[in-house]
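Peer 1: The primary structure of each chain is shown beneath.
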Amino acid sequence: MTEYRAGGTDLMERRASGRSTGPIVDLRDRGLRSIETTEEGGLRIGAMVTVDTLATDPALSAAYPALALTAGALATPQIRRAATLGGVLLQRTRCRYYRNEHYECLKTGGEGCPARGNPGERAVVLDVGPCVAPHPSSVAMALLTYDAVAEIEDGPRRPVAGLYGDGARDHLLDPSDLLTAVVLPPPIDGERAGYKRATGRASAEWPLAEAVAHLTVRDGVIVRAGVAVGGVAAVPLRLPGVEAALTGHAPSEELFARAARLDWTPAFPETAYKIPVTATLIGDVLAQAR
Amino acid sequence: MRLTFNGGPREHDPGPDDTAADVIRTVFGATGTKVACGAGVCGACTILVDGEPKVSCLLPAAHLDGTEVTTVEGVGGDHPVQRAFVECDALQCGFCTPGFVTEAVAFHDRWRKDHEGTPSREEVAAALTGHLCRCGAYENIVAAVRQACAGVFDDREPVPARVEAPAKVAGAAEYTVDVSLPGMLHGVIVRSRLPHARVTVKSPEMSEKTSPASAAGRPVAGFVRLLQGDVVRYTGQPIAAVAAETPALARELAERVTVDYEALPSVVDPAEARRDGAPVIFADAAAQKAAPSSAEGAGFPGRWRGNVRSGYASAWRGRAARRRLDAAEERNAPGYFAATFTTSGQSHTALEPHASVADWRPDGLTLHVSTQALPHVKAAAAKRWNPPKVEVVAQHVGGGFGSKLGLSTDVVAAVELSRRLGRPVRVAMSRAEELTDTGYRPGTRSELRMLGTPTGGLAAISLDVSGHGGVSTGSMVATLGLLMYGRGPRHFRDRDVIGNAPPASPFRGPGGPPFAWAVEQGVDEIAHRLGADPLKLRRTWDGNRRRRALYEIAAELPLWRDRPATPQTGRYRRGVGAAAANWIYTADVDTKIELTVRDGRIVARTATQDIGTGVRTVIRNAVREVFPDADVVVEVGHSDAPHGPVAGGSRSTASVGPAARDAAGKLAAHLGGKPVGAAEGVTVLGERPKDRRGSAVPVSMDHLRVGRGLAGAVHITEVEVDTLLGHTRVTRVWGGIAAGAIYNRTAARNQCEGGIVQGIGYALYEERITDPRTGVVLSANLEDYRLPGVNDTPEMTIHFHEDGWDHVPGGGVGLGEVCTVSVAASVGNAVFNATGFRPLDLPIRPDRLLEGMPR
Numbered sequence: 016m017t018e019y020r021a022g023g024t025d026l027m028e029r030r031a032s033g034r035s036t037g038p039i040v041d042l043r044d045r046g047l048r049s050i051e052t053t054e055e056g057g058l059r060i061g062a063m064v065t066v067d068t069l070a071t072d073p074a075l076s077a078a079y080p081a082l083a084l085t086a087g088a089l090a091t092p093q094i095r096r097a098a099t100l101g102g103v104l105l106q107r108t109r110c111r112y113y114r115n116e117h118y119e120c121l122k123t124g125g126e127g128c129p130a131r132g133n134p135g136e137r138a139v140v141l142d143v144g145p146c147v148a149p150h151p152s153s154v155a156m157a158l159l160t161y162d163a164v165a166e167i168e169d170g171p172r173r174p175v176a177g178l179y180g181d182g183a184r185d186h187l188l189d190p191s192d193l194l195t196a197v198v199l200p201p202p203i204d205g206e207r208a209g210y211k212r213a214t215g216r217a218s219a220e221w222p223l224a225e226a227v228a229h230l231t232v233r234d235g236v237i238v239r240a241g242v243a244v245g246g247v248a249a250v251p252l253r254l255p256g257v258e259a260a261l262t263g264h265a266p267s268e269e270l271f272a273r274a275a276r277l278d279w280t281p282a283f284p285e286t287a288y289k290i291p292v293t294a295t296l297i298g299d300v301l302a303q304a305r
Numbered sequence: 020m021r022l023t024f025n026g027g028p029r030e031h032d033p034g035p036d037d038t039a040a041d042v043i044r045t046v047f048g049a050t051g052t053k054v055a056c057g058a059g060v061c062g063a064c065t066i067l068v069d070g071e072p073k074v075s076c077l078l079p080a081a082h083l084d085g086t087e088v089t090t091v092e093g094v095g096g097d098h099p100v101q102r103a104f105v106e107c108d109a110l111q112c113g114f115c116t117p118g119f120v121t122e123a124v125a126f127h128d129r130w131r132k133d134h135e136g137t138p139s140r141e142e143v144a145a146a147l148t149g150h151l152c153r154c155g156a157y158e159n160i161v162a163a164v165r166q167a168c169a170g171v172f173d174d175r176e177p178v179p180a181r182v183e184a185p186a187k188v189a190g191a192a193e194y195t196v197d198v199s200l201p202g203m204l205h206g207v208i209v210r211s212r213l214p215h216a217r218v219t220v221k222s223p224e225m226s227e228k229t230s231p232a233s234a235a236g237r238p239v240a241g242f243v244r245l246l247q248g249d250v251v252r253y254t255g256q257p258i259a260a261v262a263a264e265t266p267a268l269a270r271e272l273a274e275r276v277t278v279d280y281e282a283l284p285s286v287v288d289p290a291e292a293r294r295d296g297a298p299v300i301f302a303d304a305a306a307q308k309a310a311p312s313s314a315e316g317a318g319f320p321g322r323w324r325g326n327v328r329s330g331y332a333s334a335w336r337g338r339a340a341r342r343r344l345d346a347a348e349e350r351n352a353p354g355y356f357a358a359t360f361t362t363s364g365q366s367h368t369a370l371e372p373h374a375s376v377a378d379w380r381p382d383g384l385t386l387h388v389s390t391q392a393l394p395h396v397k398a399a400a401a402k403r404w405n406p407p408k409v410e411v412v413a414q415h416v417g418g419g420f421g422s423k424l425g426l427s428t429d430v431v432a433a434v435e436l437s438r439r440l441g442r443p444v445r446v447a448m449s450r451a452e453e454l455t456d457t458g459y460r461p462g463t464r465s466e467l468r469m470l471g472t473p474t475g476g477l478a479a480i481s482l483d484v485s486g487h488g489g490v491s492t493g494s495m496v497a498t499l500g501l502l503m504y505g506r507g508p509r510h511f512r513d514r515d516v517i518g519n520a521p522p523a524s525p526f527r528g529p530g531g532p533p534f535a536w537a538v539e540q541g542v543d544e545i546a547h548r549l550g551a552d553p554l555k556l557r558r559t560w561d562g563n564r565r566r567r568a569l570y571e572i573a574a575e576l577p578l579w580r581d582r583p584a585t586p587q588t589g590r591y592r593r594g595v596g597a598a599a600a601n602w603i604y605t606a607d608v609d610t611k612i613e614l615t616v617r618d619g620r621i622v623a624r625t626a627t628q629d630i631g632t633g634v635r636t637v638i639r640n641a642v643r644e645v646f647p648d649a650d651v652v653v654e655v656g657h658s659d660a661p662h663g664p665v666a667g668g669s670r671s672t673a674s675v676g677p678a679a680r681d682a683a684g685k686l687a688a689h690l691g692g693k694p695v696g697a698a699e700g701v702t703v704l705g706e707r708p709k710d711r712r713g714s715a716v717p718v719s720m721d722h723l724r725v726g727r728g729l730a731g732a733v734h735i736t737e738v739e740v741d742t743l744l745g746h747t748r749v750t751r752v753w754g755g756i757a758a759g760a761i762y763n764r765t766a767a768r769n770q771c772e773g774g775i776v777q778g779i780g781y782a783l784y785e786e787r788i789t790d791p792r793t794g795v796v797l798s799a800n801l802e803d804y805r806l807p808g809v810n811d812t813p814e815m816t817i818h819f820h821e822d823g824w825d826h827v828p829g830g831g832v833g834l835g836e837v838c839t840v841s842v843a844a845s846v847g848n849a850v851f852n853a854t855g856f857r858p859l860d861l862p863i864r865p866d867r868l869l870e871g872m873p874r
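These protein sequences, in sequence, are chains A and B. Just so you know, we're using our numbering here: the first sequence kicks off at 16 and counts up by one. Just so you know, we're using our numbering here: the second sequence kicks off at 20 and counts up by one.
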């Protein structure tokens with residue numbers, strides 16, 4: 016199976032471990048590195064734009080602060096300099112069984128999920144099945160809150176949300192599909208954002224859970240809210256219920272606490288702790304975005 | 020592709036899977052760039068691509084086309100950052116140093132373009148986030164970068180804090196993984212895919228590329244069997260080894276080794292393994308006797324029952340202890356505490372993997388090996404293979420922590436393959452192999468019962484510890500209790516619970532951290548229940564006068580005096596905890612230091628190795644005490660020199676220091692006041708003088724003598740807990756060390772800080788995870804096996820209490836182990852102080868903290 020190579024930060028590790036063995040098409044000379052303003056006034060971000068640029072580009076961080084904050088918090092500075100927008104959206108799962116050459120699973124072309132019998136505290140708390148590893152893409156999570164759209168070479172556009180399914184696959188594109196850009200709708204003036212992840216160490220770690228939010232307040236009332244979470248399900252997860260609970264109300268600690276309540280049923284006892292942790296994170300990022 | 024490499028043009032056509040690191044190290048021959056994790060986590064391989072730091076282990080080599088690449092060699096050796104690293108002692112083993120240096124150079128150059136003054140600690144740490152230092156030298160690294168940015172080293176040469184620092188910061192220090200001999204082949208280990216099986220192994224069919232002999236008649240590939248017998252007992256157990264012209268060809272050949280498995284019933288999880296009816300892993304006395312051991316030296320004797328090997332009780336009035344404990348339990352005595360503590364296995368994961376280059380020739384064996392035990396490896400290799408002569412070389416060693424003490428798989432495979440093929444062979448572990456099968460600190464389950472009184476001392480204690488070292492025996496934890504807290508009645512027993520998992524090995528202070536994790540939390544809990552000050556209680560119980568001095572100093576620290584007293588409320592809570600440790604004092608009493616005057620310089624030689632402790636500098640400084648102006652060259656890392664110590668058991672400094680002083684004294688006596696040059700060509704041999712009043716154990720084992728007295732440590736640790744996210748951050752640590760006179764204050768402080776950082780890793784992050792069904796080690800990369808990073812490093816203060824070792828020549832003993840033993844326990848006590856939750860299980864993960872905290 017041919018695979019595209021962008022920054023290589025995921026693929027090269029899978030090449031070394033033997034998880035990826037097919038031919039490679041390297042995208043280094045394909046361009047896709049520009050950030051352009053669209054006719055509607057939004058931004059089109061090339062798939063080869065680095066995560067570091069997502070985090071630091073002044074125009075981009077002013078327009079879409081939730082995206083920039085998320086990008087700036089992931090992995091390490093070196094990885095952010097090499098990893099690309101396209102790559103982080105389409106990266107493969109970090110499941111420790113998938114990454115271990117001793118196992119086959121539904122994502123390696125085999126059957127079943129060896130992690131399901133031994134999920135551990137890093138697994139999903141919402142079981143959308145069949146994979147129990149959380150989706151790794153923080154950037155995808157942030158893009159969901161902006162209704163971003165992915166451009167596919169020689170194919171129809173599709174919402175970023177439509178890149179992900181039920182956890183059977185890390186993304187729904189065919190191997191031959193090339194994601195060329197992500198288009199963001201026009202930014203809203205005065206939007207503020209927050210991002211936070213729960214980890215064991217202080218930094219450089221995949222999140223146990225993470226949350227991102229942006230709020231736009233007019234005349235003391237929230238007119239637009241975007242909230243999404245990661246580390247909890249096999250897909251990046253937008254929370255329209257939380258957004259609806261916020262919209263039309265004056266921002267306050269009480270409102271945030273009420274909106275952040277999650278009536279989830281834990282998939283595994285080992286991950287039940289992620290529910291209060293995620294609720295805390297949502298409250299925290301809303302406070303940051305206030 | 021074409022690129023500019025360290026200032027010059029280069030061309031090369033890389034393969035699609037080649038990484039930038041591969042090409043730089045093997046094609047361009049620039050081995051300053053190190054590969055440690057191979058997964059972009061540790062940053063050791065960082066290079067500058069068009070001025071931007073990138074991890075070269077994940078960077079496709081093809082992406083270098085048209086770029087300007089600078090590696091540590093290209094930085095030069097005289098950059099202000101390098102000067103600062105040299106003077107600030109910003110390294111220990113040095114294997115991570117080239118990566119830190121290149122990253123820091125980029126930060127420094129960028130920062131100074133538009134800043135004046137000194138960057139904050141946080142700014143520097145943020146830039147270094149993608150780098151790991153297993154020795155834990157972060158404090159000095161950050162300090163060095165800040166000083167370089169402040170311009171401290173713009174106009175002056177540094178004063179090297181340790182002898183080899185200039186070579187290490189320039190990428191010029193040669194480690195075993197950097198050794199490349201003409202005609203060298205690459206070896207790969209074939210390992211068991213099952214946790215328990217009977218196997219038959221067939222040597223692979225050789226293809227054209229891997230035919231046994233090339234046209235020139237020289238073998239280009241080969242196979243040797245490593246497994247003795249026909250039973251494998253853990254997934255990952257070495258079965259065979261193959262070698263070929265390139266690592267890729269060797270891996271291909273390894274795939275073609277046929278291993279037929281007849282699966283046997285297996286049991287991985289210790290709780291299952293100890294049950295009646297569990298599959299028995301060592302069925303008879305012969306198999307039990309051949310089981311690997313994780314003990315340093317001889318393990319304790321024991322009796323087998325199924326998979327459980329029980330030691331004999333080590334007791335002092337053991338029956339009285341149990342009677343008192345039972346009575347206290349029955350009447351619910353306030354000073355009684357009983358609990359079961361567990362610890363996870365801890366992997367050493369030195370950043371330089373286990374690696375060997377063996378060159379077997381008719382006239383003898385030359386063995387380059389990443390080892391802490393050069394003299395031991397030489398003796399063991401001579402005994403095992405009996406070549407005409409053995410020469411062992413270890414110029415620089417990228418960390419060990421106890422895992423590199425013997426004839427490990429890499430050594431055996433490299434020697435056997437080289438002997439078979441008549442060509443040099445390199446065998447280096449991948450990070451997955453390193454994290455699977457190069458040993459680890461055994462996991463433990465400790466049943467503790469203690470009865471304390473506020474004034475009368477420790478009334479009774481019993482500790483029963485099961486060690487979980489996979490197929491290995493020799494976990495010794497409880498027995499250390501004979502050395503702590505006076506002479507009250509006590510009962511200790513150690514056991515091994517055998518499972519189908521890889522064997523453990525000694526790890527820095529074997530048994531110490533899990534012992535402290537249980538007992539030091541027990542002391543803290545009893546103090547809490549009695550309403551006593553935990554330091555005062557320890558002072559009352561503890562007869563060791565050196566540690567009592569530390570308690571007194573610690574008790575006066577604002578950090579301790581201002582600790583939160585009452586149960587707290589609120590989301591973020593601060594807590595302060597104390598814990599104490601001791602460790603036996605050992606020395607290699609046969610250590611010799613040879614001094615020769617050569618070209619007007621004093622050359623010091625001994626057959627030891629530097630794993631990052633700074634042993635070269637201890638020797639140089641000792642000679643300089645007698646010859647302050649002499650040019651002193653220290654040559655270690657070669658077995659031809661006179662006998663030197665193994666770097667283990669905290670023995671090096673107290674062995675080489677006195678011997679070097681003795682040698683310097685002898686040379687001075689020879690010179691009789693004349694200048695050094697007058698003794699050109701003269702050689703003297705220094706010996707380690709004996710301790711006054713003898714040693715604790717009157718015989719040496721393998722040159723090692725256990726001396727009189729115990730080194731002591733007290734750690735006072737402050738944490739901040741986010742009680743909603745379960746996140747624990749260690750903010751400040753005071754480490755008091757009672758190891759007598761300090762030979763090299765800078766390096767000693769560096770090592771004690773590293774001991775704290777490793778202890779924090781043990782307390783909060785490090786967790787060896789083995790799949791309970793298949794026995795596969797799941798924490799087989801540095802993403803899943805999490806080491807503390809620069810942002811996890813607290814503010815640290817190290818205090819040396821230097822009295823009390825007058826009976827030892829030089830007046831001081833080793834501290835490499837005692838400085839880490841009590842750290843995790845002090846974190847546990849601080850978490851309790853902050854939250855009211857007594858953490859029983861290591862590591863203190865967020866989910867465990869959230870689960871256990873009182874609501």
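Check the hints yourself; a few may be wrong.
If the Cβ cut is set under 7 angstroms, some of the chain A residues that face chain B in the computed set are [said to hold, decoys possible]:
hint : residue
1    : Ala183
2    : Arg184
3    : Ala219
DEER-style ranges, computed between Cβ atoms [stated by the list, open to error]:
hint : chain 1 : residue 1 : chain 2 : residue 2 : range
4    : A       : Pro201    : B       : Glu141    : 33 to 43 angstroms
5    : B       : Gly425    : A       : Gly125    : 36 to 46 angstroms
6    : B       : Ala282    : A       : Arg305    : 30 to 40 angstroms
7    : A       : Arg48     : B       : Pro284    : 49 to 59 angstroms
8    : B       : Glu141    : A       : Ile50     : 25 to 35 angstroms
9    : A       : Arg305    : B       : Glu176    : 34 to 44 angstroms
10   : A       : Ala272    : B       : Asp174    : 37 to 47 angstroms
11   : A       : Ile50     : B       : Arg175    : 55 to 65 angstroms
In short, the hints are calculated from the structure, not lab data. Glycine included, each C-beta is placed from N, C-alpha and C at the ideal position.
Peer 1: For each hint, tell me whether it holds in the structure or not.
Peer 2: Structure-based check of all given hints:
no.: 1; hint: Ala183; verdict: violated, 22 angstroms
no.: 2; hint: Arg184; verdict: violated, 22 angstroms
no.: 3; hint: Ala219; verdict: holds, 5 angstroms
no.: 4; hint: A:Pro201 <-> B:Glu141: 33 to 43 angstroms; verdict: holds, 35 angstroms
no.: 5; hint: B:Gly425 <-> A:Gly125: 36 to 46 angstroms; verdict: holds, 38 angstroms
no.: 6; hint: B:Ala282 <-> A:Arg305: 30 to 40 angstroms; verdict: violated, 60 angstroms
no.: 7; hint: A:Arg48 <-> B:Pro284: 49 to 59 angstroms; verdict: holds, 57 angstroms
no.: 8; hint: B:Glu141 <-> A:Ile50: 25 to 35 angstroms; verdict: holds, 29 angstroms
no.: 9; hint: A:Arg305 <-> B:Glu176: 34 to 44 angstroms; verdict: violated, 53 angstroms
no.: 10; hint: A:Ala272 <-> B:Asp174: 37 to 47 angstroms; verdict: violated, 58 angstroms
no.: 11; hint: A:Ile50 <-> B:Arg175: 55 to 65 angstroms; verdict: violated, 45 angstroms
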